[in-house]
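Given next are the chains, with one letter for each unit.
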Amino acid sequence: MSARAPVLVSVVDDDPSVRRSLARLVKGAGYRVEAFASAQEFLARPPDEGPACLLLDVRMPGLTGLDLQETLAIATHWTSIIFITGYRDVRASVKAMKAGAVDFLTKPIDDQELLGAIERAVARASAARREEDRITEIRDRIKTLTPREAEVFALVVTGMLNKQIAFDLGVSEKMVKVHRGRVMEKMRAGSIAELVRLADEGGMISAKR
Amino acid sequence: MTAGPERLLRSLRVSGPVLPLLLLALPGLFLTFLCARPGGLGAETRGGAWVQPAYAAAQAQLAAATAGGGEVSGWVSSRWLAVGLLVVLEALVIAGLVLERIRRARLEGLLAERLRFESLVSELSARLIPVSLGDVDTEIERGLQRVVEFLRMDRASLIEYVPAGTVVRIAWAVQGVDRMAPILEAGQFPWAAGRVQRGEVVRFSRIDELPQEAATDRKSFQALGIRSSLAIPLSVRGAMLGVLVFDSLRAERTWAAEVVQRLQLLGEVFAGALERKRLELLLAERLRFETLLSEQSAMFSSLSATEVDREIKRALRRIADFFKADWGSLAELSHDTRMARITHSWVTEGAAPRPSTVSLADIPWVMGRLQGGEMVRFSRVEELPEDAAAVDRETYRKLGITSQVEVPLKVGGALLGTLTFSTLGAERAWPDELVQRLQLLGEVFANVLSRRQSEMEAQRLRRDLAHVGRVSTMGALTASLAHELNQPLTAILSNAQAAQRLLRSDAVKRDEILEILTEIVEDDKRAGEVIYRLRGLLKKGGLEFTLLDVNEMVGEVARLVSGDAVLRNVTVRLDLAPHLPPVRGDRVQLQQVVMNLVLNGLDAIRESAGTERTLVLWTAKDEPAAVRIAVRDSGTGIDEVDLDHIFQAFYTTKTDGLGMGLAIALSIVEAHGGRLAARNNTDGGATLSFTLPVADQAA
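Chains A and B, in that order, are what the protein sequence lines are.
Take the first sequence: its letters are residues 1 to 209, numbered as in the numbering used here.
Take the second sequence: its letters are residues 1 to 699, numbered as in the numbering used here.
Hints were generated in silico from the structure; no laboratory data involved.
Ideal placement from N, C-alpha and C gives every residue a C-beta, glycine not left out.
Mixed in with the good hints there might be a few duds.
Listed next, the stretches of chain B that the computed footprint assigns to chain A, with coverage defined by at least 3 CB atoms under 8 angstroms from CB atoms of chain A [as the list claims (entries may be wrong)]: (1) 382-396; (2) 486-492; (3) 518-532.
Assemble the whole structure, with the sequences as input and the hints as a guide.
Next comes the structure, spelled out in C-alpha cells:
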C-alpha cells in the first residue's frame, strides 16, 4: 500500500452478517471500508474522489448488483467491481465480466481470494483514475491553444506538410512554422509522434473523423 | 229366467180384465147353445190369432155335427151331444183366451222391464257425462251396483288392462258375496282372455258350457266359485281397455241376448268415461311433467358448479318420484369410454346399495343404442332382444333392475353420459309422451355435464399448475436452501479469517476477537435453523396416502414435461404395462420423484452429443408384489465413480446442480417403502428407476 490515504472499499450486501464480516476482513487488510445494505443506499452516499473498489452482492432486493453496475458505468470510470454471489450463475457472471467486473466470487469467499481480487480491483481503479487524470490534463492543454494554433494542431497530427497546411489555411509557410512551435510547446510534446499520441488521447483525432 | 208358475200367478194378478172377458164369453156360449148353428156369433173379433184355428176347428166340428144332425134329426141324444161338444169347445176357447191374456201380460211385463233397464242404462250413461274425473270410478261403481241389483246378479267387476297385467279397477258385489280380488294373475283365464282380447263376449250359464280347450279357465272359475259369468270387452277406438265381468256365484243363470246387448252398451259408456279420464289424467300428468322439466331446466342455467350437484340429485328424485321409479341416476362416461361413472344417484329408501360405476362392456347392446343417440326403455328385462342383448339382460338382472328408461346425453355428437330411471322389482310402462320429454331434460343435463366437464378440466389445469408449482418448489427449495445456508457460512468464514489475521498481527484486539467469535456462533446457529426449517417444510407438505394408478401418475408427469421436452428436442415415450395393481402413496411427492428423474434425464440428453434424443418412461410389474417406474434416457450415462454417490445430498455432477434432487427423491421413495436405483444402459444413457410396493387392498 502506498503512503497515501488508503483506498476505499465499499461492501454492498443485504445480509447484515455477511456485510459485517466482509467489512471486518477488508478493513483488517488495511483498506477504508464502507458498508451498505442496498444499491440505493450506496448511490446515495457522497461521491468519493479517489479510486474505489466495490464488493457487490449479485442478488439483492430492489436494485440488483448488475443494475448498480450499469448505473456506475455511466457515472464513473475509476470504481472497480467485484461481484459476490450465493451460487454460481454462469449467465450472470458472464454478463458482469463483459460489463467490466474485475471478478465474480462465490460465497463463502476465502480471504486470500477476496483480498487478491480487491488488490487487482484497486490497481485497475487506480490505473483508470490515472488515465482519467491524464486525459483531463491533455484536454486542459488543448484548451490553452488559440483558434489558429488549434487549426494547425489538427492538421499537423494528420501528417500534412507545412507547405500543404499553409495552402489549406491560406497563410504563409513561415506562419505555420511559428504556430506549430507554439503548439508543441503548449502541448508539451517533444516530437511529432508524441503530439499525435496526445491528440489521440485528447480525443482530437476521433473528433475530426 | 225365473220359474213359470210364479210368473203365471203374477200374470193373473196383473190381468185384471179376465172376468169381463169371461162375462163376454158366456153369452156367446149361451147363444151358441141356443142357436146351435153355424154363422152364429163368432169369436173372430176376440182373442189372439193363435186362438182362431182352434175356434175355427170347433166351429167346423159343430157345423159337421149339425150337418150330421140333419140326417139323424130325430135323435134327441145326438142333439145334446152336440151341445155338450159346443160347451167343451167354448170352454177351450175361453181357456185359450185366458192363456193369451196371460201371455200378453207377461210380454207387457217384459217390455216394461226392458224399458226400465234401458232407461237405467241411459240414466247411467247420462250420469257419467258430466261427472268430474275424481268421481268417475265412484259413478261406475254405483252403476255396477244398480245393474247387479236390477238384473239380480251377484257381482260385477270392471277389470282394466295395465301393462303389467290386469287390475280389477272397480268392483261391486251383493251382500254375502266377495268382491273380486284386486289383481288377477296372468294366465288364469287363457281361453276367455283370448276371446275378450278379440272383442268377443264370453258368457256361460254353467261351467259345463265351457269348451274342452278352456280347461284352465274352468278350473279357475271353479276355484273362484263362479257358476255363471258374462264378460264384455271394453274398447275405445279399437284399443282394448279392459273387460266388464258379471258373475253369478250363488246360482246358475242364463244371459239373454238382449241383456248382453244392453250391457255391451253400458260397457261402451264405461269405456268412454274411463278413456276420457285416462286421457285427462295423462294430459294433467304431462302438464305436471312439463312444469317439472321447465322448472329444472330453468334452474340449471343459473346454478354454480357446486349447486349443480345438489340440484341434479334433487331433479333425479323428483323425476323418479314422478315415474314411481326406484332409482334415478346420472352417469358420465370415462375418457376411455370403458366405464360409466355414476355421478349422481337417487335411490328409493330401503333399496340395496347401487353401484357407482357400470362397465360399458356389461351393457353392449344398450350402449350401441345410446351411442346412436337412441333412448332405451323396457318395461320388463325380457323385452330386450334375447340374443343380441343377452349380456345386457344378465347385467340388469344382477342389478335387480326390472324396468328402465335410459336417455343418452350428447353434446356436439359426443356421448357424455346417460340419464337413467329404473324400477327395482316393479314392472313399469314408460309412456311415449313422457319419455320423449325426458330427452329434453337429457339435453339440459348434457349441458350441465359438459359445463361441469369444462369446469373440471379448468380445475384440473389449475391443479396441474399448482402441481407444477409444487414440483418446481423442489428446485426453488434447493436454491433457497443454498442461499440461506450460504449467507451464514460466508459470514462465518470471513469472520474466522478476519480473526486469524487479527491474531497474526502485532496488536491483538481481544474485544474484536470476542465480537468475531460471538458473530460466528450466531451465524452457525442461524445455519442450523435453516436446516431445521427446511426439514419442517418438507414435512409440512404432509404425506397424503391414497390408492394410485401408477400409469396415470406417470402419464401426468409426461404431460407436464411434454412442453419442456419439445423445447429440448427430446422425444418422450410412454411404455406402460397394462393392468398394474394400484400402489398406496402421496401422489404429489411421487410425481416429484418421477419429475426429478425425468428432468435429470433431459439434462443428461442435453449434455450428450448422441443423435438419439429419447426419454422413455416405463412401468412394469416387479417382484415381489411391487411396481417399477423407470426413466430411461439416451444421455451421457453416469460415471462409474459417481454411481455410488448420486443419491447423496449435495453430490452433483452438474455444473449448476446442487445435488439435492436425487437425495430428496430417495427419501421420498424410501418413505413409501420403495427402492431407488440407477444403472447405465448397455446401449448408452442411464435408467433411473424405483419400486413401490403394491397397495394392500384390505388396508
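Proximity test - 8 angstroms, beta-carbon atoms, the stretch 382-396 of chain B to chain A, at least three hits = Violated - the stretch 382-396 of chain B has 0 residues with a Cβ nearer than 8 angstroms to chain A, which falls short of three.
Under a C-beta cut-off of less than 8 angstroms, do 3 or more residues of the stretch 518-532 of chain B approach chain A closely enough to confirm the stated coverage?
-> holds (count 4)
Would you say the stretch 486-492 of chain B counts as covered by chain A, given the rule of at least 3 residues with C-beta under 8 angstroms?
-> With 7 residues in contact (Cβ-Cβ under 8 angstroms with chain A), the coverage given for the stretch 486-492 of chain B holds.
Hint check: a violation occurs at hint 1 only; the rest are consistent with the structure.
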